[in-house]
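Novice: Sequence:
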Amino acid sequence: MTNRRVLSNESDSLMPLAAGMVAGLAAAAGLLIGRRVSALARTGEGHSAKHRLLDLASGVMQPKYPLAAMSTWLNGFHMYADDMGRQVEAHHFCIHLKHDLHQCVIFDSNRPDARLIGIEYIISEERFRQLPEEEKRLWHSHHYEVKSGTLVAPGIPEMAERAYFNDLVSTYGKTFHTWQIDRDDFPYGPPQLMMGFTQDGQLDESMLAARDARLGVSWEDRRRKRYDIPVPDIVPGANAWESGTSVQTTLMDVPFRDRRDAS
Numbered sequence: 004m005t006n007r008r009v010l011s012n013e014s015d016s017l018m019p020l021a022a023g024m025v026a027g028l029a030a031a032a033g034l035l036i037g038r039r040v041s042a043l044a045r046t047g048e049g050h051s052a053k054h055r056l057l058d059l060a061s062g063v064m065q066p067k068y069p070l071a072a073m074s075t076w077l078n079g080f081h082m083y084a085d086d087m088g089r090q091v092e093a094h095h096f097c098i099h100l101k102h103d104l105h106q107c108v109i110f111d112s113n114r115p116d117a118r119l120i121g122i123e124y125i126i127s128e129e130r131f132r133q134l135p136e137e138e139k140r141l142w143h144s145h146h147y148e149v150k151s152g153t154l155v156a157p158g159i160p161e162m163a164e165r166a167y168f169n170d171l172v173s174t175y176g177k178t179f180h181t182w183q184i185d186r187d188d189f190p191y192g193p194p195q196l197m198m199g200f201t202q203d204g205q206l207d208e209s210m211l212a213a214r215d216a217r218l219g220v221s222w223e224d225r226r227r228k229r230y231d232i233p234v235p236d237i238v239p240g241a242n243a244w245e246s247g248t249s250v251q252t253t254l255m256d257v258p259f260r261d262r263r264d265a266s
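Numbering (our numbering), first residue to last: 4 to 266.
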């Protein structure tokens with residue numbers, strides 16, 4: 004009887020705790036949903052009431068597995084492949100699709116109303132070595148971005164970020180921006196090939212300082228803490244612009260082929 008009574012007392016004492024935990028979790032879930040709905044509502048400002056309602060409903064109810072799989076947020080800077088003077092801050096949201104392949108969508112911020120400005124594919128050094136020479140001209144190395152501290156993963160613990168960048172330092176990226184936000188408030192023109200920086204003095208320091216202040220990070224601190232990350236030799240063919248010439252996409256007229264022409 005005594006043991007049963009002890010158990011009963013323990014159960015009685017745990018019931019308020021369990022109820023409190025359930026209530027706390029429900030409140031947290033409600034807060035998260037509320038924030039999500041609020042963000043969706045802000046994103047839809049200017050739309051008709053019907054469209055905003057449809058956006059809210061689909062935002063809450065529809066599963067979006069590729070978006071949910073984006074596990075990493077990286078912030079860095081790109082330059083146009085044919086013009087170092089045109090530099091853009093880039094927020095990458097990435098999926099580690101395979102052991103040697105990441106795929107990222109790029110926005111101009113991490114706000115609900117962020118503009119989608121491009122994509123980047125990231126591959127391992129081994130995979131890059133296997134590419135045709137012409138293909139390699141489209142890719143840039145990440146060694147300097149990592150070692151310099153200009154590429155950051157905001158909000159994650161330092162040890163986790165270091166482990167991630169220890170792997171990323173030897174990778175290569177192919178990046179196209181679909182929106183030239185440094186010139187237009189509309190996605191005019193063809194996608195533009197972008198490149199990464201490879202040494203000090205190339206990146207606009209005022210852009211870097213503004214980014215650090217906004218995100219509460221320090222590229223100089225990150226640089227000091229990554230001093231012992233090994234830097235691999237750059238595989239020939241990457242960072243093609245360093246040769247003095249580059250490649251860029253342009254529009255051109257080509258013959259149109261009807262589907263019957265394929266036969």
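Hints listed in this document are in silico derivations from the structure and should not be mistaken for laboratory results.
Each hint should be verified, as a subset may be incorrect.
Stated by the list, open to error - Each pair of labels, with its calculated beta carbon distance range:
hint	residue 1	residue 2	range
1	Val-257	Thr-75	34 to 44 Å
2	Pro-69	Asp-203	54 to 64 Å
3	Glu-129	Ile-184	26 to 36 Å
4	Asp-188	Met-255	50 to 60 Å
5	Ala-117	Leu-56	40 to 50 Å
6	Glu-137	Pro-115	31 to 41 Å
7	Ala-52	Pro-233	48 to 58 Å
8	Leu-218	Ser-246	46 to 56 Å
9	Asp-264	Ala-163	31 to 41 Å
10	Leu-218	Met-87	36 to 46 Å
To be verified - Subject to a maximum C-alpha distance of 16 Å in a straight line, what follows is the list of computed EDC-like cross-link-like pairs (lysine to aspartate or glutamate):
hint	residue 1	residue 2
11	Lys-101	Asp-203
12	Lys-150	Asp-256
13	Lys-150	Glu-137
14	Lys-150	Asp-85
15	Lys-139	Glu-245
For every residue, glycine included, the Cβ atom is placed at its ideal position computed from N, Cα and C.
Novice: Going through the earlier hints one by one, which of them does the structure break, listed in rising order?
Specialist: 2, 4, 5, 8, 9, 10, 11, 12, 13 and 14
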